[in-house]
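Asks: Sequence positions in the sequence shown follow full-length UniProt numbering and run 1 to 117.
Honestly, the hints are just simulated from the structure, not real lab data. Think of the CB as a built atom: it goes at the ideal place given N, C-alpha and C, for glycine as much as any other residue. It is possible that some hints are incorrect.
[Unchecked claim] So the derived label-pair ranges between C-beta atoms look like this: (1) Thr-34 - Ser-86: 34 to 44 Å; (2) Gly-37 - Ser-85: 33 to 43 Å; (3) Gly-63 - Ser-85: 11 to 21 Å; (4) Asn-33 - Gln-67: 40 to 50 Å.
[Unchecked claim] The list that follows gives simulated cross-link-like pairs (lysine-lysine, DSS-like), each with its CA atoms no further than 27 Å apart: (5) Lys-68 - Lys-5; (6) Lys-101 - Lys-17; (7) Lys-64 - Lys-94.
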Amino acid sequence: MPTRKSKLKNRAFNRQKGRCYYCNALMWLTDPNTFSGNHQITAKQASRFQCTSEHLVARCDGGKDTQKNIVAACRFCNAKRHQRSSAPDPVSYKQLITQRKNRGKWHPQDLLFLTTD
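Can you make the complete structure from the sequences, with help from the hints?
Replies: Here it is as C-alpha cells:
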C-alpha cells in the first residue's frame, strides 16, 4: 500500500507533467528501463532523473507532508540541494539551477534535451 508521502509525490509528478520542479527535466516514477529506452540514454544516465519527493520547507524546519509543501524533483537536483551545509530556499535554488543550466553546467550536455519542453 502506497504511503502518504508516495501518494503526494505521485500527485506532484502528475501536476508538474512529469517534470522536475527545479530543472524542468523529464523524470520517471517506476520504470527506468522504459525511460532510458524511450529517450535513448543509458540506465545510469536515467538514474539521475528518478522522481523524488522534495519538501519545499524541510521537515526539520517545520515543513509538513502536504500537497502544498511537496513537489517532484529529479534525484540529481534533490541530492545536490541537500549536499550543501544548509539547503538553500527553493526559489534561490531554482534560480541557481536555471543559471547553471543556461551555462551548460547542470546536467551533461548530451542530456540537456530532457530539460526543454
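Asks: Run every hint past the structure and note whether it holds.
Replies: A quick look at each hint next to the structure:
no.	hint	result
1	Thr-34 - Ser-86: 34 to 44 Å	holds (37 Å)
2	Gly-37 - Ser-85: 33 to 43 Å	holds (38 Å)
3	Gly-63 - Ser-85: 11 to 21 Å	holds (19 Å)
4	Asn-33 - Gln-67: 40 to 50 Å	violated (30 Å)
5	Lys-68 - Lys-5	holds (12 Å)
6	Lys-101 - Lys-17	holds (20 Å)
7	Lys-64 - Lys-94	holds (21 Å)
The structure fails hint 4 only (numbered hints given earlier).
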